[in-house]
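Novice: Residue numbers (this note's numbering), protein chains in the order written: chain A, 2 to 547; chain B, 2 to 547.
Wrong hints could be hidden among the right ones.
If several chains are the same, the list does not tell them apart, and a pair holds so long as it fits within one copy or across any two.
Calculated pairs, DSSO-like style, for lysine-lysine (alpha carbon to alpha carbon, straight line, at most 27 Å) [said to hold, decoys possible]:
no., residue 1, residue 2
1, 114, 342
2, 290, 89
3, 342, 435
4, 435, 512
5, 114, 325
6, 358, 290
7, 137, 512
For the record, the hints were derived by calculation from the structure and aren't laboratory data.
2 protein chains.
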Amino acid sequence: MASALEALVAKAVAIRDESCAKVEPPLGPLPDPLPLNVTSIPAMVLTAEECYITESDPIVITEKIARGELSAVQVTKAFLRRAALAQKLLNCVTELLWDRSIARATELDEYYKKTGKTVGPFHGLPISSKEHFSVKDRYVNASFVAWVNNKVSQDAHVIQVMENLGAILFARSTQPQTIMHVETETILYGTSVNPYNRNLSCGGSTGGEGALLGLNATPLGMGTDIGGSARWPAASNGRYGMRPTANRIPMRGLVGPNGGAESISGAIGPLAQSRRTMEYFFKYIIGSKPWISEPGLLAVPWRESPLTPGKLKIGILWSDGVVKPLPPVARALKIVVDALKRGVPGWDIEIIDWEAKDHAAAWRLTSELYYTDGGERVLDLLASVGEEQLPLTKWILTDNPYVKKQDIHSLWDLHMRRDAYRAMYAEYWNESGKLDDHPADVIICPAAPGVACLHGTAKYWAYTSQWNLLDYPGAVFPVTTVDQALDTPEVGYEPMNEQDKFFYELYSPEKYADAPVNLQVVGRRFDDDVVLQAMKIIENALGRDS
Amino acid sequence: MASALEALVAKAVAIRDESCAKVEPPLGPLPDPLPLNVTSIPAMVLTAEECYITESDPIVITEKIARGELSAVQVTKAFLRRAALAQKLLNCVTELLWDRSIARATELDEYYKKTGKTVGPFHGLPISSKEHFSVKDRYVNASFVAWVNNKVSQDAHVIQVMENLGAILFARSTQPQTIMHVETETILYGTSVNPYNRNLSCGGSTGGEGALLGLNATPLGMGTDIGGSARWPAASNGRYGMRPTANRIPMRGLVGPNGGAESISGAIGPLAQSRRTMEYFFKYIIGSKPWISEPGLLAVPWRESPLTPGKLKIGILWSDGVVKPLPPVARALKIVVDALKRGVPGWDIEIIDWEAKDHAAAWRLTSELYYTDGGERVLDLLASVGEEQLPLTKWILTDNPYVKKQDIHSLWDLHMRRDAYRAMYAEYWNESGKLDDHPADVIICPAAPGVACLHGTAKYWAYTSQWNLLDYPGAVFPVTTVDQALDTPEVGYEPMNEQDKFFYELYSPEKYADAPVNLQVVGRRFDDDVVLQAMKIIENALGRDS
């Protein structure tokens, strides 16, 4: 068995390496030894033009292409080279799509030259996706060694839609074993690391996209999120990421072992260099009415500026009552609240404390909903080629006390408990408007107990999974970075429980040097547009054009 | 056991009878013997004013109340008396709500007197619902003898919303055992019959509402539909009924044994005296944003006139390829097609033939999805008090070869087969626009193989359940009535299969004397508003103001 497994691993690695080797011109040598923080390396290895392009806001890139100031080929080559560099530094790519992306970019440039027009709002913008999105005529292994030879014949629907809008798929990226860690380690590709500090994880499960973003090696990555998988890696790398309400963005063509399981819904979400890029992602995909060809999607239109200037009520979840946010995160919350209290023109902002409502129970329920077959399909697939379970797979699956194989009636009961929790939370949210008939518009909360985590320690997702259970949209944005002077450990803190203790004892700021600190904005179901508008106002409060 | 069961039945019947006895003034004697067609009886038993009120369009009633020309109490009393008469003639009521509805009507009249205003668009309109909708402080048995003592403490959410909009709940009506026949017979209340011909069924499962409508004893009834249960009884009684896309209308507070089962979704739909009444039902309920308090609902807005004058493409499903529509239904299709071909001002109508696409497979899949626990919960509940299975319960459940108890993996596989069928049908629908980039706007098809059926013969629902599987909205409207001269049996027809043979051999027009003939308009998922607008255009083609 071992050698069959090794052969499969070798094949996947060879595909990756051959694809990266196509990049022209080849990359020059890297500094040796590498620093922990590699974010300054691109400036040493890439051309000034490549750095200029790849460090621009994605929407600015499309505007320049639309004005003829940049070509799609030029932009695509810049990102291909930067992604190849990211692979060398961070081990975050599973495949670069040189031939496909250059061919498409050439086609777009020719169309533009001939007509003077763009094919759509993303004309010429390179985009990347997590490996388990289907890509025409490519292998899709979904991180399973057993699926290394699984070739697919069509692009995932969301890739089709984005390419119809002018985007160019240029890279595919790493994700963890079973795609159910919020870090990124597999038997196939090893561990992906964080560009700000290679001792830290780039997050997961859309970790490769997170690392690419952190090194500015992609303008826009596409991930999935059933417990934090788009938000956690975006947050770990100081960028933007969102888990929208389920079934708004096309889902057809994701490869995974649990097809037909519907107890908790995953969603595709963007990881991006700017808030505006996420907004465009939703606005134009939803504007294309993808439900016409994918009948599981919801015909909920995207609203431009759903919040009317005037009162804006924001709840602050300082802690979920299970794991207390660590000093950098607590400080980020204060930075944002102080900024909001100083005010934003046009908005009458009211800040309220948002108490956690049974978030511990929510986590138990969520992890029970993840694997209603007790994880059998996943475990069988691993076992079929002798692929060993990595520690974080054991943590969420075989060692998770809430995972069990359901029968039909226990499954129905589980759904009723889930729905009762959702109903309770909806009522709780409505209560925030009891006195003024204006319930909270959004909540601001941590994206995780801490910042990017030490490898192997991401054992608490409930600051993100909480909103998956409720099917509420959540989006993360950068606030600050770990400050060695300000983010000292809380002296004399008495942990609330074992999980809290684990994170408290692990923490000291020097371990997390240079790590970005993000926060999360959460809205009610279908208020995806509200979340992104509120984030704009919050970023304005922080002095940023958003 | 038998006497415990009898006591429970007696209790349910006593509740019904006592509630009907409250009606004032008491009803006078009925003709003896009763004719088969009892639609002329109300004019003999009720006052001219009561007849005038109850035979008005529901929207006209609300307009008159809003102008002070009628009072809510006057209207409510008229419908209470007519519903009490319907109970005597058709056995279709489980409870009249005299005290509650008169109290509410009085309150509304006082509000109007004081302010000159209405509380909402349904101000003063009496409405009724199927028994398994929760009603505050009343018993809800969901047709199970075992649940006769099940008292609930809150109104169903949709009742709350409708009452907030000004409506008055005044009656509750019969439904079949297990609420899974498209006729209406229970151990508790016996058999409900059709006002046009008491030898025929009023349909089901929202059969009591169908019968009330057919006798003009309710302006607007609320039903549920997971296989045709709102449309079939509306069609059997020559009225309007609709099954909207799931999760648009509030569902909280329906009582049934299969909570947490999500493989196929039921939906609440209106049964009404006019198309416009259904439109108002959706427009105002959805306009109230019920998803704010019931988080399972979809934030899909209602569109006024989503179809733009110009091209309108209508597919005609002449037969589903399994059971051929009987002569009155085939004639109704021709009537409508001929009318549409004559044209409607403002619309360029194109009629295309719509071929059935594996509708037999769809029915197998649908009936497998109904009872993923093999019907155990239902059967246990029946057995708990020794309630015997009625023949149509056996037909859909214990004798149904597709019903089986699933395990988690077979359930997932079933969901994938369902989703594959949905994806196939979406693509098929899109193909109807291949040549002109204008796919069909709606389909017109039968609501059933025939008209209101002889008691115990409703053994084919697939003209309605087809659209439940796809989660497409479908709405029925009246076209004609059975014509003894025109609707003669097709001579020499060779049935396609056993089911087809059953309906073909059963048919002769004299058995179905006076039965209304309805048809169905079907649209794509979320095109509920398109369906109702298309129905308006179709009714205009038939020379009706709609």
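Novice: Does each hint hold? Answer for all of them.
Specialist: Hints, verified against the model:
1. With identical chains, the CA atoms of residue 114 and residue 342 are never at most 27 Å apart, being 50 Å at best within one copy and 48 Å at best between copies.
2. For the homomeric pair residue 290 and residue 89, neither the shortest alpha-carbon distance inside one copy (39 Å) nor that between copies (51 Å) is at most 27 Å.
3. Within a single copy, residue 342 and residue 435 get their C-alpha atoms as close as 22 Å, which meets the 27 Å cut-off; across copies the closest is 56 Å, which misses it.
4. With identical chains, the CA atoms of residue 435 and residue 512 are never at most 27 Å apart, being 44 Å at best within one copy and 60 Å at best between copies.
5. In this homomeric assembly, residue 114 and residue 325 never come within 27 Å of each other (Cα to Cα): the closest approach is 56 Å inside a single copy and 58 Å across copies.
6. In this assembly of identical chains, the alpha carbons of residue 358 and residue 290 lie at most 27 Å apart only when taken from different copies (24 Å versus 36 Å within one copy).
7. In the homo-oligomer, the alpha carbons of residue 137 and residue 512 never lie at most 27 Å apart, since the shortest distance is 42 Å inside one protomer and 60 Å across protomers.
Hints 1, 2, 4, 5 and 7 from the earlier list are contradicted by this structure; the remaining hints agree with it.
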